[in-house]
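K.L.:
Heads up: the protein sequence lines correspond to chains L and D, in order.
Our numbering numbers the first residue of the first sequence as 1 and each following residue consecutively.
Our numbering numbers the first residue of the second sequence as 1 and each following residue consecutively.
Fair warning: there could be bad hints in the mix.
Claimed, not checked - Which chain L residues face chain D? A few, computed with CB under 7 angstroms, are given here:
1. D13
2. G222
3. N363
4. P406
5. W451
Unchecked claim - Heads up, simulated DSS-like pairs for lysine-lysine below, C-alpha to C-alpha not over 27 angstroms straight-line:
6. L:K414 <-> D:K64
7. L:K393 <-> D:K91
8. L:K384 <-> L:K347
As the list claims (entries may be wrong) - Just so you have them, the derived chain L footprint on chain D, three or more residues with Cβ under 8 angstroms:
9. 26 to 39
10. 183 to 190
Please keep in mind that the hints were generated in silico from the structure rather than gathered at the bench.
Where a beta carbon is used, it is the ideal one built from N, C-alpha and C, also for glycine.
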Amino acid sequence: MHTEGKDHAELADIFNKDEKRVDWHDETLWFIRAKRDKAVHQLPEWEDLRNTASQIKHNVLSNLDKYLVEFEAQAQANGITVHWAADAAEHNRIVHQLIKDEGVTQMVKSKSMLTEECGLNEYLAEHGIEVIDSDLGERIVQLAKEPPSHIVLPCIHKKKGEIGDLFHMYLGTPSGLDDPQQLTEAARIHLRDTFLTRKVALTGVNFAIAETGEFVVCTNEGNADMGAHLANVHIACMGIEKIIPQRKHLSVFLRLLTRSATGQPITTYSSHFKKPREGQQMHLVLVDNGRTVQLGREEFRNSLKCIRCGACMNTCPVYRRSGGHSYHTAVAGPIGSILAPNLDMKKYADLPFASTLCGSCSNVCPVKIDIHDQLYKWRQVLVKEGYAPTVKKVGMQVMTTTLNSPTVYRLAGKMGRIVMKYAPFAVNNGLNPWYKNRDMPEPPKESFGEWYKKNRK
Amino acid sequence: MRVGLFIPCYVDQFYPGAAIATLQLLEKLGVEVVYPANQTCCGQPMANSGFEHLTHGCNELFIKNFDGFDYIVAPSGSCVLHVRDHLHDDKQEDKAKDVRSRVYELTTFLTDVLKVKSLPAKFPHKVGMHQSCHGQRGLHISSMSELVAPSFSKPGSLLAMVEGIEIVPLNRIDECCGFGGTFCVAEEAVSAKMGKDRVDDHLEHGAEYITGVDMSCLMHMEGILKRKGSKVKVLHIAQILNGSPTP
Ligand code: SF4
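Turn these sequences into a full structure, and let the hints guide you.
P.N.:
Right, dumping it as structure tokens:
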């Protein structure tokens with residue numbers, strides 16, 4: 001992906017050049033959103049579940065230190081080696097060292113957005129380690145040398161035929177194949193071989209339970225289990241916010257997660273990992289990478305409640321029509337637009353503006369993150385920190401001056417209407433982005449203010 | 001009951017018909033309405049662009065214009081939401097708070113304060129109702145498809161009082177139209193695409209008019225309709241409820 005230097009609006013503009021593709025992308029995601037609606041409307045207690053989940057996470061965030069220490073002690077007692085990584089670089093170094101210690105140059109990995117966030121695959125590739133992603137969607141984008149465009153559906157932007165082409169090129173399937181079942185079969189054979197030969201397997205973590213020191217990995221393909229069970233070394237990587245206090249809390253989250261993500265009642269595999277089997281090593285890397293900073297930003301700390309279901313992306317009318325890659329960050333969509341500026345304000349200053357603030361994300365979110373309010377708040381922070389383009393700053397100053405004075409406002413309004421009426425070319429031109437796809441409103445002969453003066457009083 | 005009429009800047013300048021209908025409708029319902037002449041804008045365009053710190057002047061002016069009314073009513077969910085959530089004034093926060101609590105979007109005012117049960121309006125047309133997000137999700141003037149909760153619609157209940165009107169069903173009942181304030185130019189491509197899709201949903205179902213509580217969404221959709229060469233018109237809900245559809 002060549003996203004270097006381009007902001008969301010520019011990347012979305014490129015994506016929109018192919019309108020049919022946008023329609024297809026939008027409809028595919030809307031289909032999932034509709035499935036989600038159907039699934040949640042079958043549970044009268046849905047809103048209670050959301051409240052409960054949000055409160056559990058609130059407790060976690062307020063006592064994160066306590067739960068992390070508790071979790072570490074329990075996990076160690078179970079025989080898991082616990083590592084702490086302050087940032088992405090440290091995380092990558094730890095994982096690399098563990099692979100080196102095992103004396104291998106290959107690894108199989110199941111889906112983990114955290115490793116995407118840390119750029120693990122690139123790092124390991126630079127150090128001569130071959131990584132094969134075992135989640136089907138992730139494997140597809142990996143072959144295409146692209147990052148995932150969605151946290152739950154990594155290759156949702158790819159059509160069947162395109163996947164057939166990739167498999168033809170890399171897995172030796174016949175050309176022109178676009179039957180999902182045949183493609184999946186080809187991937188299965190390829191991945192089975194990978195599972196059987198890799199000595200190190202890495203998985204993500206969906207939930208880590210402080211009380212018991214175990215962690216839970218949710219997949220629909222069972223690929224995390226196959227990787228982890230067959231390997232000598234199982235490395236699990238998690239953001240420190242993935243902790244939940246007790247095992248009983250899991251029931252709340254497991255009910256919410258997949259209904260929100262895909263409309264399924266529960267993930268096909270919700271695998272609990274508590275201790276290494278005989279002769280196996282189990283490592284767990286706890287990663288901060290900006291999370292404690294976000295925890296300290298009171299207005300944005302709620303974003304750490306996220307359980308990565310992707311519902312906010314599926315519902316977001318902007319995401320659906322701009323594609324995940326337009327967000328140029330590992331976690332795209334509404335939630336990504338809150339998380340990314342925390343990591344790098346300058347690089348991601350555009351993202352909180354890539355929203356109409358319609359609020360659908362906040363209401364679909366299973367842990368009730370006030371996503372659209374946080375987007376609004378980020379805008380204020382980013383402008384204050386000086387990340388607004390100069391043109392916008394000047395424009396806003398002019399607008400403020402106009403609107404602060406009723407006399408100037410009335411005059412400007414009148415002038416504007418006169419210009420639009422007698423010199424429409426001044427506004428109806430290529431420099432006016434409104435005019436590119438829309439006509440301007442017809443200027444009325446008088447404003448309401450003028451009408452009122454004549455007709456009332 | 002004295003009501004201060006707040007007419008958002010772009011409605012004042014571009015859609016006086018919507019404002020006149022709002023005024024006449026309130027008057028018909030026996031309300032004493034005053035339009036303070038020195039009003040401009042609620043400050044939302046700056047605030048939503050990240051320049052909330054530039055809204056002091058607008059806030060001060062708003063308070064000056066609307067302090068002391070029993071209610072402040074505006075034909076715009078979006079502007080009302082902005083005032084409700086973001087109007088502050090360090091020097092007179094009590095007054096700001098008071099203004100925030102008294103400001104109402106028109107249809108909510110009609111259903112919740114005036115408790116309107118019937119309207120002398122007739123509109124024998126097929127109409128698509130656009131749920132504007134800020135009013136719907138921000139002010140809860142109607143239920144939303146994301147939540148598991150009883151469904152209701154304040155504007156819908158008012159439109160049901162209009163004789164002869166036929167509200168067309170939509171595939172996506174509350175999808176955003178993509179206007180989004182400065183979003184409509186800053187993210188032109190996505191905004192226009194969202195608008196097109198929104199309009200198409202209404203057209204597909206045979207709407208002759210598209211209505212809603214926010215003229216801004218309607219302005220955006222009107223721009224797209226006109227560019228398409230469509231004969232379908234947009235009307236603010238006040239124009240239908242007032243029984244005088246011509247803008
Ligand atoms: S913010 Fe909410 S809706 Fe979005 S991915 Fe996270 S949990 Fe899901």
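K.L.:
Flag every earlier hint the structure violates by its number, smallest first.
P.N.:
2
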